[in-house]
Amino acid sequence: MHNKSVAELSRELESGKISSVELTREFLDRIKAEDSQYNSFITVTEEQAMADAKAADEKRAAGKAEVWTGVPFAHKDIFCTNGATTTAGSKMLANFVPPYDATVTANFRAAGAVCLGKTNMDEFAMGSSNESSFFGPVTNPWGLSNGEKRVPGGSSGGSAAAIAARLTPAATATDTGGSIRQPAALCGITGLKPTYGRVSRFGMIAFASSLDQGGTMARTAEDNALMLNVMAGFDPKDSTSADRAVPDYTATLNEPLKGLRVGLPKEYFSDQLSPAMEQQVRNAVKEYEKLGATVKEVSLPHAKLAIAAYYVIAPAEASANLSRFDGVRYGYRCDDPRDLSDLYTRTRAEGFGGEVKRRILVGTYALSAGYFDAYYLKAQKVRRLIQQDFINAFKDVDVLMSPVSPSPAFVQGEKTNDPVTMYLEDIFTIAVNLAGVPAMSVPAGFVDGLPVGLQVIGNYFEEARLLNVAHQFQQVTDWHQKLPQ
Amino acid sequence: MQWDIVIGLEIHVQLATRTKIFSGSSTAFGAEPNTQASAVDLAMPGTLPVPNEQAFRYAVMFGLAVNAEIGRRSVFDRKNYFYPDLPKGYQTTQLDHPIVGPGFVDIDLADGSSKRVRIHHAHLEEDAGKSLHEDFHGMTGIDLNRAGTPLIEIVTEPDMNSAEEAVAFARKLHSLVSSIGICDGDMSQGSLRFDVNISLKPKGSDELGTRTETKNLNSFRFMEQAIAHEVERQMDILEDGGRIIQETRLYNGDRDESRSMRSKEEANDYRYFPCPDLLPVVIDDAFIESARDLLPELPDERKARFKEQYGLNDYDARLLSDDARMAAFFEETAGHGKDAKLAANWVLGEFSARLNSDDKTVAQAPITGEQLGQLVARIADNTVSSSGAKKVFEALWKGDGDNADAIIEAQGLKQVSDTGALEQMVDEVLAGMPDQVAQYQQETDPKKQKKMLGGFMGPLMKASKGQGNPKLFNEILLKKLSN
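Protein chains in written order, with this note's numbering: chain W, 1 to 485; chain C, 1 to 483.
Since the hints were made in silico from the structure, they are not lab data.
Just so we're clear, the structure is a prediction, and the values are computed from it rather than from any experiment.
A couple of the hints might just be wrong.
[To be verified] With a straight-line cut-off of 20 Å between C-alpha atoms, the simulated EDC-like cross-links for lysine to aspartate or glutamate are:
#  : chain 1 : residue 1 : chain 2 : residue 2
1  : C       : LYS307    : C       : GLU332
2  : W       : LYS378    : C       : ASP323
3  : W       : LYS237    : C       : GLU332
4  : W       : LYS258    : W       : ASP243
5  : C       : LYS341    : C       : ASP359
6  : W       : LYS290    : W       : GLU278
7  : C       : LYS203    : C       : GLU257
8  : C       : LYS79     : W       : ASP373
9  : C       : LYS391    : C       : GLU423
10 : C       : LYS307    : C       : ASP285
11 : C       : LYS130    : W       : ASP373
12 : C       : LYS307    : C       : ASP293
13 : C       : LYS172    : C       : GLU266
14 : W       : LYS381    : C       : ASP96
15 : C       : LYS79     : C       : GLU332
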């Protein structure tokens with residue numbers, strides 16, 4: 001059963017071939033047996049999961065089951081779960097048990113899904129390799145057979161690795177600069193970062209508020225659609241969430257792609273990209289041509305400025321968002337503070353890891369008197385130019401296609417001492433967050449036995465089209481079905 | 001050397017919304033610590049602010065009441081600093097796009113002149129919690145009940161030049177925000193808090209001196225004292241050839257002392273930037289008009305109407321119009337009292353004096369405007385003399401009877417206005433005082449004559465058992481004595 005998709009498992013449950021209790025037990029046993037290799041979970045909520053599974057079976061017996069009733073999945077440990085530890089991958093929150101649910105969490109609860117546990121992640125979602133987690137790095141299931149411990153990407157590396165390793169059929173994730181798409185690509189699964197505002201951020205621990213967006217990860221596009229059906233929608237608790245109708249994202253999966261206009265941003269096929277990676281992406285584009293799509297080159301002229309703008313705006317917002325972790329009300333507090341200043345200094349020095357501290361410092365600097373105009377204000381102007389690039393591009397095409405990452409999964413430790421090289425992992429994904437448009441990562445081949453992702457970028461609120469475009473590709477390819485050895 | 005005093009104010013006004021500016025927690029004062037602090041107020045991870053529409057409506061009402069431009073696109077910023085009673089590590093406030101733009105308030109001064117004080121802007125922000133240093137030995141307690149209470153911070157131009165002007169402005173502002181219902185006005189609970197910026201410059205100079213800011217004055221008396229204290233302090237320094245340091249000071253009203261809190265060099269770099277959790281709030285015409293509809297008559301409008309409608313002089317009109325409750329009491333009195341000027345005299349005289357001596361507010365007064373009005377009507381129609389009326393007032397106040405007519409009847413205070421009877425009494429009294437009559441008639445100085453007239457009044461009142469109408473007695477006396 002653990003190789004089946006959410007859609008398949010839902011049908012199995014409906015047919016009565018298996019109960020949610022049995023299914024949940026199977027995944028929990030797999031996590032117990034195998035996750036020591038991957039470290040993809042921070043917390044496994046076994047007791048709650050079994051109770052929820054039992055309740056789901058009862059609901060089904062009462063004839064009240066829906067699509068998600070009794071289907072297991074996992075939450076990235078950035079979504080607050082009432083009564084279950086929520087750490088954001090940080091020592092700061094290692095023992096934090098929220099007394100409330102994130103809206104996303106509450107939605108899955110209401111849908112009757114069974115949460116297996118909380119997946120590992122880069123600390124406060126800051127990282128592209130899952131090596132900044134206080135709970136240790138996550139190992140990518142791909143490459144392990146060669147004895148190589150490769151990164152799963154980040155920051156949603158735990159969710160991606162757990163799905164690739166068949167420890168869960170689906171998992172929630174978040175994407176601030178590529179944190180869904182890059183790990184999805186590196187682990188050979190399918191992920192979607194929705195339009196900014198499509199999914200509520202309430203209860204999702206903030207990294208950079210204007211860029212953070214909750215999204216979906218599973219093996220298939222169809223499963224991503226099923227997840228988004230649960231997650232999307234206006235939330236009165238998040239005033240930046242979009243107050244507009246939510247379609248049924250599964251309804252248009254089977255639309256034919258004839259006449260689809262695909263744009264290839266020339267800036268994303270640069271020399272940053274290895275020829276082998278480029279070849280896989282171009283092969284995928286050819287598949288779309290076979291499906292009836294027309295392809296043209298387009299330009300996102302300000303794309304090259306995205307990383308620079310992002311690494312001002314995101315740290316600036318983070319520097320304020322993370323001020324609340326001060327040892328006063330909850331979370332980590334240093335031992336025996338001498339006075340207030342000592343409490344603040346040691347709590348934050350001891351509670352945050354190196355990458356988080358680096359970004360707080362960068363953000364604080366960028367907002368400082370005398371530097372604000374040169375950094376923050378300038379970066380916001382660049383951000384508007386980047387938004388305009390996408391608006392212009394979508395006048396001529398329906399979707400943009402590009403690689404997700406410049407190279408496949410790298411070996412752990414390879415980039416940890418060079419933050420700038422690490423930041424370049426997100427060179428093809430970051431502009432999407434600055435613009436706020438939706439984008440997916442779809443499995444599209446292999447290089448040296450490691451998965452390669454195709455990025456499909458859509459216009460604002462066109463998640464249904466992206467899911468349709470990805471689903472049709474998955475009807476004619478089987479990259480998303482490949483199993484790591 | 002002669003100095004000009006230059007004063008500008010910053011006033012924090014707590015808005016009387018039921019819930020906080022960004023959460024659904026109650027804003028009621030005096031609850032057990034931290035019982036009105038939700039996950040949002042505690043800045044728990046992942047929580048987000050949701051703006052309270054009523055706070056915006058109140059801010060717009062304030063803007064309209066001070067003749068200000070309303071900021072059509074209101075943006076929130078984060079003001080970053082660490083303090084234990086500031087849960088998020090930043091205060092959500094407004095920097096460049098406040099909800100209320102430039103406006104003004106006219107204040108009345110004791111010499112009868114009036115002065116315009118310009119409002120630079122007013123912005124919406126959240127209040128912090130409270131640090132409790134007393135109750136916990138060696139530790140500090142944090143109460144977050146107040147955290148997130150909506151405030152408007154009003155910033156004036158440096159348009160005031162004396163403690164008197166600053167206090168007059170502060171009182172006017174207090175009366176304004178209370179009467180339009182956006183603030184409960186309770187200064188003892190910190191509903192209004194004043195920061196005073198003060199500088200001195202050589203008399204007539206165009207160049208402003210270095211200013212200091214004295215923070216958190218929560219009574220008009222302390223404010224007046226603090227200004228006097230700070231002016232003197234600065235004057236001493238300047239006259240000794242010293243320089244004023246730009247700094248924030250704290251004033252201790254009980255000791256009439258102030259001390260430096262922090263200098264400009266020690267000031268925080270607040271690293272303001274737009275809050276990404278809140279979209280800009282667009283204030284449209286419909287919202288502004290709906291806020292305007294909620295505005296009651298403003299004190300200035302009321303004052304003008306009192307002068308027009310009741311023929312009051314400027315001074316009385318101001319005293320009666322500043323406070324909405326006092327104004328309503330006066331109007332009720334005047335409505336039943338037939339003579340508005342007389343009603344004004346009684347409300348500002350006997351009634352106000354009695355409130356003062358009993359330490360009561362208008363709302364706590366034991367008599368109604370209608371009761372006082374009925375009494376005023378009886379004074380106006382000569383049923384009771386003013387001295388008799390004071391007795392009636394006293395009886396009403398103490399609850400010995402609930403209407404003027406009954407009390408006048410019961411206490412026999414009805415004036416005798418029957419001219420025949422009064423003439424007879426005058427004749428009898430004058431007959432018994434021939435020397436005084438002769439003296440009066442020989443006197444040529446009208447001033448002395450007038451004084452002598454008083455000498456007949458005592459015996460007349462005695463003869464009438466205090467019930468003779470003194471006005472009529474006076475007329476009859478004049479007539480008889482001139483014969």
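Evaluation of the provided hints:
1. About 16 Å separates the Cα atoms of LYS307/C and GLU332/C, which keeps this hinted pair within 20 Å; it holds.
2. With a C-alpha separation of about 51 Å, the suggested pair LYS378/W and ASP323/C falls outside the 20 Å cut-off, and the hint is violated.
3. A distance of roughly 48 Å separates the Cα atoms of LYS237/W and GLU332/C; the hinted pair therefore is violated under the 20 Å criterion.
4. A C-alpha spacing of about 31 Å is found between LYS258/W and ASP243/W, which places the hinted pair above 20 Å, so the restraint is violated.
5. Note on LYS341/C and ASP359/C: the hinted pairing is violated, with a Cα-Cα distance of about 25 Å set against a maximum of 20 Å.
6. Proximity of LYS290/W to GLU278/W is assessed by CA-CA distance (about 19 Å); at most 20 Å being required, the pair is judged to hold.
7. With a C-alpha separation of about 26 Å, the suggested pairing of LYS203/C with GLU257/C is violated against the 20 Å cut-off.
8. For the hint linking LYS79/C to ASP373/W, the alpha-carbon distance of about 16 Å falls within 20 Å, and the restraint holds.
9. Distance hint between LYS391/C and GLU423/C is unfulfilled; the C-alpha atoms sit about 26 Å from each other, more than 20 Å.
10. For the proposed pair LYS307/C and ASP285/C, the alpha carbon gap of about 33 Å is over 20 Å, so the pair is violated.
11. The suggested pairing of LYS130/C with ASP373/W is violated, with an alpha-carbon distance near 34 Å, which exceeds 20 Å.
12. A distance of roughly 24 Å separates the Cα atoms of LYS307/C and ASP293/C; the hinted pair therefore is violated under the 20 Å criterion.
13. With a C-alpha separation of about 34 Å, the suggested pairing of LYS172/C with GLU266/C is violated against the 20 Å cut-off.
14. Straight-line distance between C-alpha atoms of LYS381/W and ASP96/C comes to about 17 Å, which keeps the hinted pair within the 20 Å bound.
15. In summary, the hint linking LYS79/C to GLU332/C is not supported, as the alpha carbons are separated by about 49 Å, beyond the 20 Å threshold.
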